[in-house]
Amino acid sequence: MNLGYLGRRLLQVVPVVAGILVLTFVLIQIAPGDPIDALASEGGSEAYLDGLRADYGLDRPIPQQLGTYAGNVLQGDLGVSINKGLPVSALVRSRLQPTLLLTTTALVISTLGALVLGQLAARRPFGLFDLLLNSATLVLYALPAFWLAQIVILTVALRTGWFPVQGFTDARNQLTGVDHLLDIGRHLVLPSLVLAASEVALLARITRTGLLQEVGRDYVRTARAKGLDEPRIVSHHALRNAALPMIAIVGSRVGFLLSGAVLVETVFAWPGLGTLLVESARAQDHPVVLALVLLVSASVVLANLVTDLISAWADPRVRYR
Amino acid sequence: MVEPPARPRSTRSARRLLRSPSGVVGLGLLLTTALVALTARRLAPHNPVLLDVPPLRHPSWAYPMGTDNLGRDILSGVMLGARTAMTVAAGVALITALLGIVLGTVAAYSGHLVDDAVTRVAEVIQSVPRFFLAILLASYFGGELSNSYLILLLGATSWPFLARVVRAEALSIAQQGFVEAARSAGASSAHIIARHVVPNVLPSATVVVAVTASRVILLESSLSFLGLGDPEVISWGFLLNNAQGFLETAWWMAVFPGLAIVVAVLGLNLLGDALTDVLNPLLPRRPRLPRRRRQRITPSPSHPLTDIHSSGPR
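Top line first, the protein sequences correspond to chains W and A.
Counting in my numbering, the first sequence runs from 729 upward without gaps.
Counting in my numbering, the second sequence runs from 177 upward without gaps.
Please keep in mind that the hints were generated in silico from the structure rather than gathered at the bench.
Do not rely on the hints blindly, as some may be mistaken.
[To be verified] So the derived label-pair ranges between C-beta atoms look like this: (1) A:Asn245 to W:Arg788: 24 to 32 Å; (2) A:Phe422 to W:Ala782: 52 to 60 Å; (3) W:Ser863 to A:Leu194: 16 to 24 Å; (4) W:Ser863 to A:Asp228: 35 to 43 Å; (5) A:Val290 to W:Arg788: 30 to 38 Å; (6) A:Gly319 to W:Arg821: 20 to 28 Å; (7) W:Val836 to A:Thr295: 28 to 36 Å; (8) A:Asp228 to W:Arg821: 45 to 53 Å; (9) W:Arg900 to A:Pro221: 40 to 48 Å; (10) W:Arg900 to A:Phe422: 18 to 26 Å; (11) W:Arg736 to A:Val297: 18 to 26 Å; (12) A:Gln352 to W:Val836: 18 to 26 Å.
[Claimed, not checked] Partial list, derived from the structure: chain A residues whose beta carbon lies under 8 Å from chain W: (13) Val300; (14) Ala350; (15) Leu402; (16) Glu424.
Note that this is a predicted model, so its numbers are computed, not measured.
Beta carbons: idealized from backbone N, C-alpha and C, even for Gly.
Okay, chain W solo, but in the shape it has when bound:
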């Protein structure tokens, strides 16, 4: 990849990140309650309170405070939870793994599922399967993730008892080794499928449209003329090009995926960042909620950056635009 594009794209990130930092700083400033009151509990003379303000730098001018805040955040210091008294970064780290596991699994399922379904739909445009996929996209898009989760519990889990519906591991017997991993896997099935559901239909439609566009192009005719069979043409030629819009979209869908994760985690009592967010919001633990808003925004920016770079690497037209 040429360095010019890389540099330009990285430079674009700076103002957005700065904007997000300013926005969250403003949100901290308008947070209800004086942090000093919380620290000093009841009473305390004015001089004592002023001393505390000076200790925490709350008497300095606002721009300077913004600088301190930005510096802290960039060093990974996200503040301290009011209710739990722990650093927010430690809390986040303890809940990060389940959420990462859930979202990456959902992302893999939806991407692979979309590749398969999109190809099937593109095989006969406006055929029965294509129409089914089209309707499924519309319906899945209208389903709230938490309701789909409830319906899945109601119809599949409770009827068959095949899959546990609550938590990350079996709380009753502590398993170790391979059994432990299998246990997590069984708990992962339903939440990740639910989370993948709304993505899969949409991505499948993008695959389908992309494939149909590519199949009409000259290089496909050339491939046919030299005698390649149809599956090979699709997998070796058309799909590669059709995948480009899919790559471009995955990044911008990270926000949806994380919003969906909050709801799905809540229904399945999945001990991840989503449940941490909801617990903290209910308990009015603002520093934790703010840190999670910041992290989610950062992930959206990062995901967009990464997908843009991948697109540029995969498609020369992007970087020379």
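We have chain W; now place chain A onto it with these hints.
Frame of chain W; chain A shown alone:
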């Protein structure tokens, strides 16, 4: 003075909308929800807040959607939930339309400085998922967010996608012949924007606003599902929050409020879908193909949902 092009286009579009299946279904679903929302207070058979019916009854003639664990009528709850959902959706749609069209046009017609400023602000707003902002605000307000604040928040954060669409449209309209003609006839910029640009931007703006409204309904119900919504009114999400503890015993508590959400959201999405087809005469129709493979196929128009959700309101 040059008249704006083809007024009767709107009636022609309406007729075409009513001929497309998704248009009819979408309009039907949306009108049903709106009608229920408007009449809910008068027609709801019970007060959905009072515990005035026997608890945990199966759906029956007396209670078509059953009753909940405390003795509240689900049908009445669903009807008043429509009121809440439609109020929030309409409020946000209004603010979004206003901000998006104004900022989009301003960005298109003012200098680089303003254009860049609008684009940068839009970019930052789009990087912060609205759902998380709403949760933060709920945390600030003591773990619950009243719907008027929710409307303001979502209105203030939903415009960037619309503004981008409007900006692009406005730029292309500015280069068309009739705008040139108006300018040479001595029309002021304000006149051109009000008479020519805005009316021509409205069709695509309507599509974006419809889909935004559908996402807003999902957001509102998600927030109240988490128990962080407006405690003053009944919401579909609130009903589903209640249902969470009774999935094993009372399926009807979860099924009917969820269906109501699907009806409203699907209606708006279908309408947006149909409007895209109707308002854009350049998109190819469904081709009639012989059932033979290995043939050059004109790709069908990309799905409007695809475009909007890939980069649109979050």
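Now the hints, each set against the structure:
{"no.": "1", "hint": "A:Asn245 to W:Arg788: 24 to 32 Å", "result": "54 Å, violated"}
{"no.": "2", "hint": "A:Phe422 to W:Ala782: 52 to 60 Å", "result": "54 Å, holds"}
{"no.": "3", "hint": "W:Ser863 to A:Leu194: 16 to 24 Å", "result": "21 Å, holds"}
{"no.": "4", "hint": "W:Ser863 to A:Asp228: 35 to 43 Å", "result": "40 Å, holds"}
{"no.": "5", "hint": "A:Val290 to W:Arg788: 30 to 38 Å", "result": "33 Å, holds"}
{"no.": "6", "hint": "A:Gly319 to W:Arg821: 20 to 28 Å", "result": "25 Å, holds"}
{"no.": "7", "hint": "W:Val836 to A:Thr295: 28 to 36 Å", "result": "34 Å, holds"}
{"no.": "8", "hint": "A:Asp228 to W:Arg821: 45 to 53 Å", "result": "50 Å, holds"}
{"no.": "9", "hint": "W:Arg900 to A:Pro221: 40 to 48 Å", "result": "44 Å, holds"}
{"no.": "10", "hint": "W:Arg900 to A:Phe422: 18 to 26 Å", "result": "23 Å, holds"}
{"no.": "11", "hint": "W:Arg736 to A:Val297: 18 to 26 Å", "result": "21 Å, holds"}
{"no.": "12", "hint": "A:Gln352 to W:Val836: 18 to 26 Å", "result": "46 Å, violated"}
{"no.": "13", "hint": "Val300", "result": "3 Å, holds"}
{"no.": "14", "hint": "Ala350", "result": "23 Å, violated"}
{"no.": "15", "hint": "Leu402", "result": "5 Å, holds"}
{"no.": "16", "hint": "Glu424", "result": "6 Å, holds"}
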